[in-house]
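One-letter residues, chain by chain:
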Amino acid sequence: EADIYQTPRYLVIGTGKKITLECSQTMGHDKMYWYQQDPGMELHLIHYSYGVNSTEKGDLSSESTVSRIRTEHFPLTLESARPSHTSQYLCASSESGTYNEQFFGPGTRLTVL
Amino acid sequence: DQQVKQNSPSLSVQEGRISILNCDYTNSMFDYFLWYKKYPAEGPTFLISISSIKDKNEDGRFTVFLNKSAKHLSLHIVPSQPGDSAVYFCAASATDYKLSFGAGTTVTVRA
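Protein sequence lines, in the order shown, are assigned to chains A and B. First residue of the first sequence? That's 487 in the numbering used here, and the numbers climb one at a time after it. First residue of the second sequence? That's 446 in the numbering used here, and the numbers climb one at a time after it.
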């Protein structure tokens with residue numbers, strides 16, 4: 487079944503730790519995105535990729551980094567987690583071409599103590 | 446600067462009645478508009494969309510209306526059902542495929 491997956495779903499970690507949030511999709515989509523969302527707020531785009539070896543920063547500045555070595559995989563890494571990174575992180579993908587909706591994964595709820 | 450605004454953070458409606466959610470945008474380059482539904486601890490799910498060449502799009506109980514001159518769109522849900530209780534996000538994009546989201550409206554459908 488075509489889908490988009492995120493792991494872990496929940497992560498509680500101490501300050502200074504390095505973390506990687508995983509995102510994989512089986513739909514063969516070229517475009518992938520990472521959003522950050524806090525309760526009651528809009529989703530903010532922090533990274534996007536239009537294909538393998540292509541990554542760009544989004545509209546919201548983020549200390550995280552991403553990579554796109556394979557079409558289906560778009561991991562996000564924080565080298566040194568801080569309490570200000572506490573948030574929900576949502577991964578999405580979409581087909582090429584115009585007027586295509588983005589499909590979202592279930593999200594990772596990150597808490598940095 | 447927030448380019449998509451949902452000014453009503455919450456909406457309560459009785460089961461069977463109409464729910465009307467509103468969204469305003471400021472960027473005249475937006476040409477594609479979407480509504481997403483989100484349950485707690487889940488990712489947003491696509492509901493319905495409309496391109497700027499149309500002023501109405503209907504899909505079952507969901508209808509989206511676009512007023513380009515007013516830079517305003519609305520989502521109508523008729524009839525409202527208990528399973529419709531969720532947070533609804535309005536989103537918009539220009540030709541760069543990136544989405545700008547509103548802050549969401551929490552809909553509660555009362556029995």
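It should be emphasised that the hints constitute simulated quantities derived from the structure, not laboratory data. Warning: the hint list may mix true and false statements.
Pair by pair, the computed Cβ-Cβ distance ranges are [what the hints assert, rightly or not]:
no., chain 1, residue 1, chain 2, residue 2, range
1, A, Leu-497, B, Val-523, 36 to 42 Å
2, A, Ser-566, B, Ser-497, 23 to 29 Å
3, B, Pro-524, A, Arg-495, 39 to 45 Å
4, B, Asp-541, A, Ser-547, 14 to 20 Å
5, A, Arg-556, B, Ser-497, 21 to 27 Å
6, A, Glu-581, B, Ser-453, 47 to 53 Å
7, B, Asp-476, A, Val-538, 36 to 42 Å
8, B, Ile-463, A, Asp-545, 43 to 49 Å
9, B, Asp-504, A, Thr-493, 41 to 47 Å
10, A, Gly-526, B, Asp-504, 42 to 48 Å
11, B, Lys-513, A, Thr-551, 34 to 40 Å
12, B, Asn-502, A, Thr-557, 38 to 44 Å
13, A, Glu-508, B, Asp-541, 32 to 38 Å
14, A, Gly-526, B, Arg-462, 38 to 44 Å
Result set (DSS-like, lysine-lysine): computed pairs, CA atoms no more than 25 Å apart in a straight line [claimed, not checked]:
no., chain 1, residue 1, chain 2, residue 2
15, B, Lys-543, A, Lys-543
16, B, Lys-501, B, Lys-450
17, B, Lys-450, B, Lys-513
18, A, Lys-543, B, Lys-501
Now the stretches of chain A that chain B is said to cover, found in silico as 3 or more residues with beta-carbon under 8 Å [claimed, not checked]:
no., stretch
19, 498-507
20, 522-529
21, 533-545
These numbers come from a predicted model, not from an experiment. Ideal Cβ positions, reconstructed from N, Cα and C, are used throughout, including at glycine.
*Can you give the numbers of the hints that this structure goes against, from lowest to highest?*
2, 3, 5, 6, 7, 8, 9, 10, 12, 13, 14, 18, 19
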